[in-house]
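A.B. asks: Residue numbers (the numbering used here), protein chains in the order written: chain A, 1 to 82; chain B, 1 to 400.
Don't take every hint at face value.
[Unchecked claim] A few chain A residues facing chain B, derived, Cβ under 8 Å:
1) G21
2) L41
3) Q48
4) F75
5) E78
Rather than coming from a laboratory, the hints here were simulated on the basis of the structure.
Bear in mind the structure is a predicted one, so any value in this text is a computation, not a measurement.
All residues carry an ideal CB built from backbone N, CA and C; glycine is no exception.
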Amino acid sequence: MPTANKDQIEERMTEALVSFGAERDQVKREADWESLDVDSLDLVELAQIVEEEYGVKMREEDMKQLKTVGDAVDFVAERADS
Amino acid sequence: MTRRVAITGIGAVTPLGVGAGALVERWSEGESAIEDGLGRCQDFDPATHLGVKEARRADRFTQLAMLASGEALAQAGWEDGPTIEPERVGCIIGTGIGGIGTIEDQHDLLRDRGAEAVSPLAVPMMMGNAAAGVLAMRHGLKGQCYGTVSACAAGAHALGVALRMVQCGDAEACLAGGAEAGITPLAQAAFAGMGATSPNGECRPFDARRNGFVMGEGAATLVLESEESATERGAEILGFVVGYGATADAHHLTAPDPEGAGAARAIELALADAEVGPDGIDWVNAHGTSTPLNDRSETAALKRALGEERAHEVPVSSLKSSIGHLLGAAGAVEAAATVLALGRGLAPPTVGWEERDEDCDLDYVPGSARTLESNGRPLRAISNSFGFGGHNAVLLLEAA
């Protein structure tokens, strides 16, 4: 398992969201999915990336609780470290 | 009495370039965009033309349809959506194989990395009706919407059903056409495996040396609209679709009827539908694939439907000589090119035609474009499309 800190996770997620079509300067911790035009299909792709890179599973029920970029970063950081 | 159906928008992305203008101008100049045995849309850059978000959620065939339709709808004055009731505007897009590039990529992921690596976007990208659905959503077209699937006749069938839809009043207008992005390893291997494509990558329709088709990619869509609606809102009319005929060979899954009987019936039906005889058309934009079988049976079909004498008088050209075979997009791209060429009073050439074949003895417009004489009435042409499965679809188009 690669070790990852919060900044690295945020950077990787930002990169993924930009590749989905979000504007880089809009991708901030407090940004919610709707403001980034990120929908459920994008979130499934994000979950695939997260699992591939950090070994962390983001299930559908988890994703319902994650409203912002920061929520998702924290979720992954907590589990990647454990 | 059915309603007269006008064409109020045309858009295309083809190996000759982005835009319907590039298609007709460069074909009329006798240019060929076939390189290394393929007709690729090299000027098309999805991220630039469509933006990252839209581009990554669509297979290339849908991307091509999106760009073509943006052009067609803008020309119709509907860049920001129809200015007539959107519930009265349909969207019918044909394709031969749909999102095959996506299918191949996702299958690689499945094999190499397992089921969990398969993209959640795979289904909406690969399904054959994706282009129709995406275009309806993108432009707010809320009438009938679906894809037509009939191999290399799909684009012509899409225009045919759109014509009927508008004629009978089920819709006031319909965005219709075809899209294909089948230059993929699997599709190339499959067509080569059955001996359909040219081993030396040369496309020579109706020429004695022809030995198969050359794969191409692209899309074209047209806005078909009742003449009444077009006139009422002051839209520019680019031409008319005045006849349509469609039949099945019921002969062989991939080989055409050698006598061209099914194709001939489709031509006859299109003429009857337009209420014109063989003298009522001035040009044939042939299916002309450059396969030994198609070009021979299409020649036979033209003689059968038009009569020996008239078949020898009418110029017959094949756009595939310039861009290759666009499969499910071919019928739509050819219809677009036909209307635009009629508007210029030209029959563009069968590029590279040189050697006569005893079974292909019509006037295939070698060398350069021919000027068409209008004889005091609007110029008309038929555009032929035939597909594996024995599908025949013929459109009869008229200049504005």
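A.B. asks: For every hint, state whether the structure bears it out.
C.D. replies: Here's how the hints hold up against the structure:
Annotation: interface hint on G21(A) holds; nearest CB of chain B at approximately 3 Å, less than 8 Å. Taking 8 Å as the C-beta cut-off, the interface hint given for L41(A) holds, the closest approach to chain B being about 5 Å. For the restraint placing Q48(A) at the interface with chain B, the shortest Cβ-Cβ distance is roughly 7 Å, inside the 8 Å limit, so the hint holds. The closest approach between the C-beta of F75(A) and any C-beta of chain B is roughly 18 Å, which is over the 8 Å cut-off, so the hint fails.
Given the 8 Å rule on beta carbons, the hint for E78(A) is violated: about 22 Å separates it from the nearest Cβ of chain B.
Going through the hint list in order, the structure does not satisfy hints 4, 5.
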